[in-house]
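Visitor: If you want the building blocks of each chain, they are given just below.
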Amino acid sequence: MITRTLSRLLVSGFLLASAGNVLAEAPKPAKSGYEFVKEETRAMQDDEVENTGFIAVEQGRELFNESPASGKSCASCHGEMGEKLDVKNLARYPIYDKALGGIVRLDDRINICREKQSGETPLPAYSAELIALETFVRHLAVGEPVNVQIDGEMADLLKKGEELYHIRFGLIDMSCAHCHDSYPGQFIRGQKISQGQGNGFPAYRLDTGEMANLDLRIKQCLVLMRAEPFAPDAEESKLLGAYIMSRSNGLKIEAPAIRY
Amino acid sequence: MKTVNTLIFLLFATTPSLAAEAEGVPPPPEAYCKWEMVNYSIPAPLCGLKGDALRGEKVVADASRGNCLACHELPIKGVEAYGTIAPPLSGIAKRLAEPQLRLRVVDSRHLNPNSIMPGFYRDPNLINRPGKGYEGRTFLAAQDVEDVIAYLVTLK
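These protein sequence lines are chains A and B, in that order.
If you read the first sequence in full-length UniProt numbering, its first letter stands for residue 1, the second for the next number, and so on.
If you read the second sequence in full-length UniProt numbering, its first letter stands for residue 1, the second for the next number, and so on.
Be aware that a few hints might be false.
Here are the simulated DMTMM-like pairs of lysine to aspartate or glutamate, each with C-alpha atoms no more than 25 angstroms apart in a straight line [as the list claims (entries may be wrong)]:
(1) A:160 / A:97
(2) A:98 / A:115
(3) A:192 / B:80
(4) A:88 / A:62
(5) B:132 / A:233
(6) A:252 / A:144
(7) B:132 / A:210
(8) A:252 / A:151
(9) A:252 / A:181
(10) B:132 / A:163
(11) A:160 / A:235
(12) A:192 / B:73
(13) A:38 / B:80
(14) A:28 / A:39
(15) B:132 / A:236
(16) A:160 / A:228
(17) B:132 / A:207
(18) B:58 / B:80
(19) A:252 / A:115
(20) A:31 / A:163
(21) B:50 / B:98
(22) B:132 / B:73
(23) A:192 / B:62
(24) B:132 / A:235
(25) A:38 / B:73
(26) B:132 / A:228
(27) A:252 / A:48
(28) A:28 / A:181
(29) B:58 / B:123
(30) A:31 / A:181
(31) A:38 / A:210
Since the hints were derived computationally from the structure, they do not count as laboratory data.
Please construct the entire structure, taking both the sequences and the accompanying hints into account.
Guide: Below, the structure is given as structure tokens:
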């Protein structure tokens, strides 16, 4: 219907100066990607045996308990099952870290712990190990509503993230908002577009057959747009990720979700 | 239960250049032909090329090239799914003449600054953060665009 209106506006010669605002709105209410995937995909996610993402949870749990040379495993501080981690805190990621003066994502935090506490080298971005650890830790907070801070230092950063979300990228020359704000529920060929929410991540992707955390998922959209993706530790990656997760505030954490 | 379709095929992806990219030698971009907009249309064919409707039909359906089907309905047989985010194109030539069609395919942003339709022959200088191997390139080659136009004008 939006399309109809658009083309009618177009034909009648009104350039869409005003529609710019309409297009810029984040979809309300926020809906999980779960509501956009096929029924069989939902069933797969809901069944812990069928849900391939649990392989990563299990791997993550093992890594969490692995003792490095320093003798300090993650579990030595946080409990074998991570039971000493506060799930309410986990649901707040990405957070603003006053000491570090910037956004810290869950995988950043895991690497910081590895370095500072366990005396190990950080794991490479998107490596199976890092994503497994992130999946295990995030899964501890499954069912908790996402609760990213939106005031204080975060307010400005989220604004910047929102701007990035509305910039056109790559040869496809579309912005994230073009697909995920204007057309959720519509189809790009056979594929239903969702609101591009972050609450399911890390998720197992049917398309790639691998786990992706939110940053990798964003990168995969940018590559499809034939755009140069931002480096994993680039400020832009953190801003976009934080903005997306703030849009997901209130949605229940589903990690590991099954997604297209 | 693995989905067979990849988004790559659903949308614009499969990059002929990816193979070349892996070897570190993206194919050279073709020289960009300047075009002139007159009355919200482009009367002159790009680079003076002549289009071929049959080839154009292949380009619009080809996921790695036009992939117009990702967003538009088109009267092409044997297509299992069309996109629903753009107006259907069956009968489009009854409404739009060749020069108008050309502007829409080349760069519809000149009509609608908010258009989500990719500019298939948009000035490469206007592209933000093109991926590696895509710098200085247009989405479609000028010949492909002319082939698409030749096909679209048959949709009466």
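Visitor: With reference to the structure, classify each hint as holding or not holding.
Guide: How the hints compare with the structure:
Only pairs whose Cα atoms come within 25 angstroms are accepted, and residue 160 of chain A paired with residue 97 of chain A is accepted, the gap being roughly 17 angstroms. Between residue 98 of chain A and residue 115 of chain A, the direct Cα distance comes to roughly 19 angstroms. Compliance with the 25 angstroms bound is thereby established for this hinted pair. Of the supplied pair hints, the one linking residue 192 of chain A and residue 80 of chain B holds, its CA atoms being roughly 14 angstroms apart against a limit of 25 angstroms. For the hint linking residue 88 of chain A to residue 62 of chain A, the alpha-carbon distance of about 23 angstroms falls within 25 angstroms, and the restraint holds.
Taken as a hint, the residue 132 of chain B and residue 233 of chain A pair is honoured in the structure, with Cα atoms around 19 angstroms apart against an allowance of 25 angstroms. A threshold of 25 angstroms between alpha carbons decides the hint, and for residue 252 of chain A with residue 144 of chain A the separation of about 5 angstroms falls inside it, so the pair holds. Among the hinted pairs, residue 132 of chain B with residue 210 of chain A is consistent with the structure: their alpha-carbon atoms are about 24 angstroms apart, no more than 25 angstroms. Between residue 252 of chain A and residue 151 of chain A, the direct Cα distance comes to roughly 21 angstroms. Compliance with the 25 angstroms bound is thereby established for this hinted pair.
Taking the CA atoms of residue 252 of chain A and residue 181 of chain A, the gap is near 20 angstroms; set against the 25 angstroms cutoff, the hint holds. In summary, the hint linking residue 132 of chain B to residue 163 of chain A is supported, as the alpha carbons are separated by about 23 angstroms, within the 25 angstroms threshold. The suggested pairing of residue 160 of chain A with residue 235 of chain A holds, with an alpha-carbon distance near 10 angstroms, which does not exceed 25 angstroms. Only pairs whose Cα atoms come within 25 angstroms are accepted, and residue 192 of chain A paired with residue 73 of chain B is accepted, the gap being roughly 16 angstroms.
Annotation: proposed proximity of residue 38 of chain A to residue 80 of chain B holds, straight-line Cα distance about 17 angstroms (limit 25 angstroms). Proposed proximity of residue 28 of chain A and residue 39 of chain A is supported: the alpha carbons are some 23 angstroms apart, at most 25 angstroms. Distance restraint check for residue 132 of chain B and residue 236 of chain A: the Cα-Cα separation of roughly 18 angstroms lies within the 25 angstroms cut-off, and the hinted pair is therefore satisfied. Our distance criterion of 25 angstroms between C-alpha atoms is met by residue 160 of chain A and residue 228 of chain A, whose separation comes to about 19 angstroms.
At most 25 angstroms may separate the alpha-carbon atoms for a hinted pair to count; residue 132 of chain B and residue 207 of chain A meet this at roughly 22 angstroms. Distance hint between residue 58 of chain B and residue 80 of chain B is fulfilled; the C-alpha atoms sit about 16 angstroms from each other, no more than 25 angstroms. Taken as a hint, the residue 252 of chain A and residue 115 of chain A pair is broken in the structure, with Cα atoms around 30 angstroms apart against an allowance of 25 angstroms. Taken as a hint, the residue 31 of chain A and residue 163 of chain A pair is honoured in the structure, with Cα atoms around 21 angstroms apart against an allowance of 25 angstroms.
Of the supplied pair hints, the one linking residue 50 of chain B and residue 98 of chain B holds, its CA atoms being roughly 13 angstroms apart against a limit of 25 angstroms. A hinted pair counts as satisfied when its Cα atoms are at most 25 angstroms apart, and residue 132 of chain B with residue 73 of chain B does not qualify at roughly 31 angstroms. Restraint check for residue 192 of chain A and residue 62 of chain B: the C-alpha separation of about 20 angstroms stays at or below 25 angstroms, so the hint holds. A distance of roughly 20 angstroms separates the Cα atoms of residue 132 of chain B and residue 235 of chain A; the hinted pair therefore holds under the 25 angstroms criterion.
For a cut-off of 25 angstroms, the pair hint linking residue 38 of chain A to residue 73 of chain B stands: about 22 angstroms separates their Cα positions. Only pairs whose Cα atoms come within 25 angstroms are accepted, and residue 132 of chain B paired with residue 228 of chain A is accepted, the gap being roughly 6 angstroms. For the given pair, residue 252 of chain A sits about 17 angstroms from residue 48 of chain A by alpha-carbon distance, which is consistent with the 25 angstroms threshold. This hinted pair checks out: residue 28 of chain A and residue 181 of chain A have alpha carbons roughly 9 angstroms apart, not beyond 25 angstroms.
The hinted pair formed by residue 58 of chain B and residue 123 of chain B meets the criterion: a straight-line CA distance of about 24 angstroms does not exceed 25 angstroms. A threshold of 25 angstroms between alpha carbons decides the hint, and for residue 31 of chain A with residue 181 of chain A the separation of about 11 angstroms falls inside it, so the pair holds. The straight-line distance between the Cα atoms of residue 38 of chain A and residue 210 of chain A is roughly 18 angstroms, inside the 25 angstroms bound, and the hint therefore holds.
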